[in-house]
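Engineer: Protein chains in written order, with full-length UniProt numbering: chain A, 1 to 840; chain B, 1 to 232.
One or more of the hints may lead you astray.
Straight-line Cα separation of at most 20 Å, EDC-like style, residue types lysine to aspartate or glutamate; simulated pairs [unchecked claim]:
1. A/K695 <-> A/D670
2. A/K831 <-> B/E80
3. A/K831 <-> B/E78
4. A/K651 <-> A/D589
5. A/K454 <-> B/E139
6. A/K454 <-> B/E80
7. A/K757 <-> A/E453
It should be emphasised that the hints constitute simulated quantities derived from the structure, not laboratory data.
Since this is a predicted model, take the numbers as computed values, not measurements.
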Amino acid sequence: MLPPMSLLRSSIRFFRQHPWQFWLTLLSIALGTAVMIAVDLANHSARQSFANSIDNVSGKMTHHIVANSGQGVPDIVYANLRLAGMRQTAAMIEGDVVIAGEVFQVIGIDPFAEPLFDQQSGVSIEPMLMLQLLTEPSAVLMAERTRQRLGFSLSSELALSVNGKQSSVMLQGVFTSTNQAVMDNVLFTDIANAQQLLRKTGFLDRIELILTEEQIPSMAQQLPQSVKLITSPTKTQALDQMTKAFRTNLTAMSLLAVLVGAFLVYNTMTFSVLQRRKQFAVERLIGVTQRDLFLQMLIEAVLIGLVGALLGVFLGALLGQALLMLVMQTIDDIFRSTDQVAFSINVWSVVKGLGITLSAVILATLVPAWEAAKTQPVHVTRASMLEGRFNQVLKPLFFIGALMGLFAFVVLVVFQRSLIGGFFALFLMVIAYSLWIPSLTVAALAILRPWWEKMGTLPAMVLRAVHSSLSRMNIAIIALAIAVSATVGVGIMIGSFRASVADWLAMTLQSDLYISSVNDAESRVEGKLPESWLSKAQKLPGVESVSSGYSTYVEVEQVPTPLLVLNPGEHGKQGFRFLEGGGEELWQDYMAGEVIFISEPLAYHHDLNVGDRLLTKNEQGVSVSAMIGGIYQDYSATQGMLVMAPGFYEKHWRDRGISSIGLKLTASADGDQVRQALRALTEGASTAIRIRSNKEIREVSLAIFDRTFAITNVLRLLVIIVAFVGVFSALMAVLLEKTREFSVLRATGMTSTQLAKMILMQTLLIGFLAGLFALPLGWAMSELLIHVINQRSFGWTMERVFSGWVIFEAIGLSMLAALLAGIYPMYRMKKLIIREGLSA
Amino acid sequence: MSSPIITVSNISYSYQEAGKEQAVLSDVSFALNRGECVALLGESGSGKSTLLNIIGGIDQASSGELSIQGLCMSEMSEPELTLFRREHLGFIYQLFNLIPTLTVFENIALPLELADVPLTERKKHVSAWLANVGLEGREAAFPDQLSGGEQQRVAVARALIHKPTIVLADEPTGNLDVATGQKVLSLLTTIAKSTGQTLLIVTHSKVVAEAADRVLVLNHGQISEGSTGYAW
C-alpha cells in the first residue's frame, strides 16, 4: 500500500524547494546511466554493423574462394562453377566510389545468384530491375531512402569518381532494405559494370558458396593454383569471440560509472533525510508509520531514478554514437576491418540500463530510507547527533569492508580463469575499500590536525568542518577516490602494457627493413610477394641476412587465428622471447617441421602447453595436428597466433607464398640506399607494397596501441565527471547547511574573499584526501587489471611499471576535480547575503 | 550631551511581494549617543530586525541616510562595510550563532584573528574575557557542550572582545529562561557601560527595556520615543 498522498506531495515540494539538489541527483544518475548505455549501444551497434555488413550479406554461405595473389579471383572460376552446376554460389566484387561528396560502396552482383538476397540481407529488388541490371549498361540501384535524401531522379545519370578518376552511372531503380542504415550508401550493379567501374576487369573479390563436407575435398582439388578455398568466416561469431574481452572491459568500466553514481544517490538521499529529520519527527508524532516513511523515501528514489535514467538513455544515445567510432576504430585496428558502421538503438540495452540504474538507486536508498523510517517522534536531532551516529558505524563498516575484501580474494582463487569472476572480484574490492575510506578519513584528519591547526583558526575551522560533516563529505571523497583510483589503476595498467609492448616490439623487430604486401589498414599484412624477391633481396649490398613470413589465418576451435609461416633466417630467431621452451635445439626441431610455436594468448585461451598437440584444419577441411614446441610472448593478436616452419606448412597446405620479407643490414650499410634498392626491386608490383624500417613499424604499432586505449581514456574521464558532480553536490549541500554559520562570520567581519578562501581550502582538502585514498586502491586495481583481468581477457602477461608521477597525477587530478567542483559554491558564498543567511 | 554616534535620517525600507511594494520602515529618524543603551521595541514584523540589519551594514535602506561615527554607510563599498563591521560593530543574536566547529576560545578570539591580532595577544584578551563572562576553564569546549546561557555569554564575549563602539543585539535573551536572561543582560549592559560602548538592543522583554537608558518603539514602520511603559 502506498503511503499517504500528502507525504508524496511533501516529497515533491521538498525537491521543488531544493532544485539544485534535485537536478544534481538527476545529473549523476543520468551520467552513470548514459555511460553504461552508451557503451552497451556502441558495443551492440559495432557487433550489429559487423553482422549486417555487406561481407555477410550471404550469411548462409559455408566457404569462400579467395585469391592467392592480390589481383583477385579470375571471374572464369565463377563462370566454370556455375557451368558445372554449382548453383549455390555468389560472386562478390566491391569497392568505394564518391558521388555528390559522399562515399558509396559499389557491390557487383550476379542477378541470377539467388542466395545473395536472402532474408538475412533484408534487401528486396524487383525482378524486372534485376534484369535491367544485366541489360542496361552502367545501370545501378540505390536505396530508396538514399535517393530521396540526395534528391536524385530515377533514370538520371550520376557523376562519380573512383580513385580520383571521373566516371558516370545510370540510376536505374531503387531497392528497399530492412537494414536501412547499413544499406544507406550502397550501390548495386551488375558484376561486369562493377569490374569496369572499379578497374578490376576479369576479377572478383571472392566467390561465396555452400558446400557439404563431402564436396570440400573435390572442390579444393579442382580449383586453379591462383585461388584457395577457405571456410567462410562466421564473422559475427568470430568477432564475438575475439572482441568479447574487449567489450567486457568496456562494460566493466561503464559499470564503474554506475557504481560512482550509486554512491552519489546514496549521498543525496541521506542528505535529504538529514534535512527533513524534524519534518519526519513531526510526521511520526501525528501518526505516520515507519513503513510509510520508508516507502516515501523509496518512491522518491524510484521516481528520481526513473527520470534520471530516462535522461541518461537520451544522453547515452548521443554519447554512444561518439563511442561507437572509437569502438570501431579498435575493432578495425586489432581484429579486422568493417565496411559499414551504423548506430542503432537496441531496446534490450536500454531496458537493461534502466533496470541496472533503478536497482542501483533502490539499493543506494535502502539505508537512508531505513534511517528515515527509524525517526522517532521525540527526535529533534541535531546534525552533531547524526555525525555521532556516523562515528559509531565506522568500525562495522571497516569490518564489513574487510570481509568483502576477503570474499574478493576467494572469488579470485575459486574462479581462476573467469573474466567475469575477475571483474566481480575487482568490484568487490572497490566496494570493500570504499567502506574503509570513512575510517581512513577520520585517521587522516587526526594525523593532519596538530600541524594543520597551528596555521590558525580559519584552517582549523576548515578541517573541523570536514570532520563535522563526514557523513556527507565522505561519500564525495569515496566517489572521487574511486574515480581517481580507476584513472590510476587503468593508467598504470596502460603504462605497463605500453612499456611491455614497446619492449616486445624492440625485441621482435629484429630486421632493419621490412617489405610487406599490405591491405588498406596499417596493421595487417595480407596478399603475397613474388618469391623471387627473396633471393634478390639477399643479394643486395648491405644486406646481412633475410627472413621471410607468410601471414594467413587458420581456425583453432572455430576462431580464425593468425598463422605466420616463418623462415627466420639468421637473425629472426632473436625476435622470440619464449615463456616455455626455447634454445637452439628447439629451432632445429622447428625448421625440421617437428614442432610449431604458439603465442601466449593462444596457449592461455586454449589451455595449451609445450608438448601438447594443436589441432587445426587445412583448406580442404583435413585435420592437421602439430606438436607445440614453444610458447612465446606476443601482443599482436588477442586471439593468439601460431608460427610454423615453411616445410611444415607446405606439407599440409596447398597454399604457398610469402607476404613479408625482413632484412637485417650489415653494420656499415646505409639504410636509405638499401631502401632505394628495394624500391627499385619492388617497382611494378601488382599488389600494394610497403617498405618500412623497424622504427616506423614500432611507431605505427604504438600509435595503434594508443588509439586502442582512446576509448578507455574517454570512459575514465566520464567516471571523473560523475564523481565531480558528486563532489559538487556534497559541497553545495554542506555549504548551504552552513549558510547561517558563514553569515555570522561575514557579519563578524570576515571578508567574502576570506570566506571563499576557506571554502577553497575545504575543497582542496577533500580533493587531497580523495587523491591520497585513491592511490592504494588504484595500485590494487592495477595489480588486478595487469595480472588477472588482462590475462583472463587477452592471455597477456606483463610487468607492472610504476612511475612516481602517478602519485602526483592522482592527487593533482583529484584536487583539480574538487577545485572545479568548488568554484560555484565559492561564488555562491562570495555573493552570500548576510541578512538572508542569518535568518536561514 | 555628547554628539550622536549613530544618526538615522529618514530611512525607509520596502520590498516587492507579488508585484506589490511592502513598506517595512517609513521615514525613520533617530540618533544614538556614545555609551548609550537603547532598547528597540515593537511588535513582530514591525521592522526591528530590518532596522538593526541596516545599522549593522548587512542590509541597505531603500532611501534615507545612515551615518555612524560621521561616516555615511550608504557610500561604503561592500569590502569597506566588512572592515567597518570588523572594527566597530559587535553582534549578538537570539540563537547565539556560535560557530559549532570552533571551541569557546576560538569563537571568542575570532574577531581578533580576523583583525590579525597576534596569538599571544589574543590569548591574553580571551582569558580576560572568559573571566569577565564567567567561563574560565570552558575554553576548550565546543558550543554544543554548553548550555544556552553559556553560549550566549560566549556570544557576548565575541561581540565585545574587539572593543567595538557599537553593539547590536537582536533579542539576546529571547532564547533564555528569565533568570539566565537577566544574568546575560546584566553582563552585557555592565560591560558596555564600563567600556563606553553604545548598545542597541532589539527586544520584546520588559526587563531588557527597563535596563536601557532609552526606549524606541517601532510601530507600522514608524519610530517614536517610547517608555518602559510600552504596552507589554
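Engineer: Each hint needs a verdict: does it hold in this structure or not?
Structural biologist: These are the hints, each one checked on the structure:
{"no.": "1", "hint": "A/K695 <-> A/D670", "verdict": "15 Å, holds"}
{"no.": "2", "hint": "A/K831 <-> B/E80", "verdict": "15 Å, holds"}
{"no.": "3", "hint": "A/K831 <-> B/E78", "verdict": "11 Å, holds"}
{"no.": "4", "hint": "A/K651 <-> A/D589", "verdict": "15 Å, holds"}
{"no.": "5", "hint": "A/K454 <-> B/E139", "verdict": "17 Å, holds"}
{"no.": "6", "hint": "A/K454 <-> B/E80", "verdict": "29 Å, violated"}
{"no.": "7", "hint": "A/K757 <-> A/E453", "verdict": "16 Å, holds"}
Consistency note: the structure conflicts with earlier hint 6 alone.
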